[in-house]
Amino acid sequence: MILRGINLSIKKGETVAILGPNGAGKSTVLKILGGLIKASSGEVKVNGLDLKKDSYDVKRKIGFLAHNSFLYDHLTPLENLKFFGKLYGVENVEERAKQLIDEVGLSFFTHDPVRSFSRGMMQRIAIARAIIHQPEILLFDEPHTGLDQQAIKLLNDVILRMRDEGSTILMVTHDFQQAIETCDRFIIIKNGKIVDDLQNVERNIDTITEKYMEQVSGL
Amino acid sequence: MNKPNDLIDIPEESRLYKTLFFISIPMVIIALYLSFIYAPVERTMGVVQKIFYFHVASAWVAFFAFFIVAVFSIMYLIKRTRIYDVIAGVSAEIGVVYTAIVLITGPIWARSAWNTWWTWEPRLTTTLILFFMYIGYIMIRKMDGAWEKKARLASVFGIISFINVPIVFMSIRWWNTKLHPVVFGEGSDQTGGGLEPEMLVALIFSVFTMTVLYSVFLLKGVYIEKLQIQTARLKEKIQEKMIS
Amino acid sequence: MNNLFKAAFIIAGKDLYSEWKTKQVVTTMLIFAGLVIVTFSFAFDPSNNAVRAIIPGLIWVITIFSAILGLNRSFLSETKNDNLYGMIVSPTDPSSIYLGKVIANFIFVLIVQLVSIPALFILFDFRFMGNFPLFLAVVVLGTFGFISVGTFLAGLSSNSRSSEMLLPILLFPIVSPIIIAAVQATRILLIDIEQIASAISWIQLMGVYNLVFFVLCLVLFEYVLEV
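Residue numbers (the working numbering), protein chains in the order written: chain A, 478 to 696; chain B, 1493 to 1736; chain C, 893 to 1119.
Chain A extracted, bound-state conformation (with noise of 0.2 Å):
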């Protein structure tokens, strides 16, 4: 995937959804900043710390959500958060893990093992496991899709009170309404390129597709 020109300075708190057609390269965006994949060139700075140099700092910074969940699906949500609270360096990790797991609503099934989980739940545990270590910054890739309403209306309350604690949030996503309901900004990707960035704009789904439309149908 080709990137071309992104610069993109996002402010603490902010919460912002990155839209764009299929392939015009919003997860690649988001894989760079997780540090999943190296720009070849430019760089990528939170609070001032260069990803490459000081990637073991910037990364505890980060909470990272995929599609796929990154869970072992022979071993326990308890076991699972452990394991990634460990690599964390997560203090308290077990007490954390249950407390992750009692907030996301699945204490019944702390210890049954993630195989027999429905994607839901899933993505339940999955969304603990990112923010396990309590992230400045929230990196979400294509969280809600294949989510019951359910799920997402936590996955919603979670963004919504990571938010209000302070946190930035990066989103990208297909799902309009999800993103008007937890986003300020927005921003628009076409062909590795930002087209459009919606700042202080009205939080109205028909408003967003209206410039979405325009930026992404017109040639």
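In short, the hints are calculated from the structure, not lab data.
A quick note: this is a predicted structure, and the numbers were derived from the prediction, not measured.
All residues carry an ideal CB built from backbone N, CA and C; glycine is no exception.
Do not rely on the hints blindly, as some may be mistaken.
[To be verified] Here are the computed lysine-lysine pairs in the DSS-like style, where the Cα-Cα straight-line distance is at most 25 Å:
1. Lys1733/B x Lys667/A
2. Lys915/C x Lys563/A
3. Lys530/A x Lys1571/B
4. Lys563/A x Lys972/C
5. Lys1571/B x Lys515/A
6. Lys1641/B x Lys530/A
7. Lys1729/B x Lys1641/B
8. Lys575/A x Lys913/C
9. Lys1641/B x Lys667/A
10. Lys1571/B x Lys670/A
11. Lys670/A x Lys1729/B
12. Lys670/A x Lys529/A
13. Lys1642/B x Lys972/C
14. Lys529/A x Lys1641/B
15. Lys898/C x Lys563/A
16. Lys515/A x Lys530/A
17. Lys898/C x Lys538/A
18. Lys915/C x Lys972/C
19. Lys972/C x Lys515/A
20. Lys1727/B x Lys667/A
21. Lys1571/B x Lys529/A
22. Lys1718/B x Lys1510/B
23. Lys898/C x Lys530/A
24. Lys1634/B x Lys972/C
25. Lys1727/B x Lys670/A
26. Lys1634/B x Lys1712/B
27. Lys530/A x Lys488/A
28. Lys972/C x Lys1641/B
29. Lys522/A x Lys1571/B
30. Lys1634/B x Lys515/A
31. Lys515/A x Lys1641/B
32. Lys515/A x Lys488/A
[What the hints assert, rightly or not] Across the chosen pairs, the derived CB separations fall in these ranges:
33. Phe957/C x Glu1504/B: 51 to 57 Å
34. Phe901/C x His551/A: 19 to 25 Å
35. Ser933/C x Asp625/A: 53 to 59 Å
36. Ala1089/C x Trp1609/B: 30 to 36 Å
37. Phe957/C x Ile1515/B: 49 to 55 Å
38. Thr931/C x His651/A: 51 to 57 Å
39. His551/A x Ile946/C: 37 to 43 Å
40. Trp1609/B x Val1100/C: 30 to 36 Å
Here the structure of chain A is known, so what remains is to put chains B and C in place on it, guided by the hints.
Chains B and C only, in chain A's frame:
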């Protein structure tokens, strides 16, 4: 990142290729003359010994091509420019052909020299291992996925296998000398020693010719590869137009 | 540096714990090793005295083939839910992931050897009379070299859809020096003990090989892990 990776405008072949191509034709003829007519027939082995000029030259190119693969693999990992990956890939493809030539001519020569088709002799065995490593390298390149991924993985494998070559050679030599380690210095060199000056001239010239021939193939291969990339890109563009 | 080892131990611990829970990999490797021994007993008559000469080779054939099974699983189990990405986005150095995987695979193979080598000796009625500490050193060094390159190439080939087929083709040429060295050293220690001096130099060769390739893989693994 796009400029050096955009290989779209390549109307014709480089001048270097053309020059080398026209130099290589007389060189091949001279090399054939030198090895078949100029150099005397070897006393014990007879005419079969003539294969030696091509065998050694091919072996040199086989290992040299692998060296080129390793060099351009390292360069690719540092610079991430597509042309380096193309060169490494083409060099590997030529290398595998030369390695096959060595593995075919080797036994023919060995049959008349040592009266056996194959010996687990260090140079021959190392070439065999090299052949397998080349195959592995090419298999990585034929994997499905984006070219960046394949180029990256192939480069890593190219570097690892290149470093492996001397270790393989050394361990086979130890193994062969019946467990009396000789690390350096010539142990049992079957070719050296009594080489007549005419033979040496023919040998050196054919090695040189093979190297020029390798460069010709390399440049041609890179050119073809570029054309393929360009075709793929044009196809993509047409596809996009037809859909929208 | 501290983080490197800490994360590696966490990852290795996770792999070992998963294995403890499912017992899939080691069991399969053990059964496979058993089947290889049985097949060998058909191929080479165990009652024949000359069969002693092939025991050193058998030890390594068993190790290599059963290790390949484990190596294949090692990274495939990380691709199911993109678990590997989860590790990459966490503050974990790629080298730690490699190191953790090497530790886990190494332990799996050692467990298999712990059972299969004595079983081989018993079933082929082989009496061990060599130098035991040196034999142990050869087994550990050879296995480590094989596993460190194997883990690296398993990570590399896991990018392919047909990784089970790709791994052996990539792995065998690269590990050929360590296989030669390990088989030769084992042979000397088991049946040709007078040659012990050259066994030592084979051990040295294994040491050098392990050092070179372990460091190389540790450094290059970063490039294998990119998405």
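To test your reading of the hints: which numbers does this structure violate? Violated hints: none at all, because every hint is consistent with the structure.
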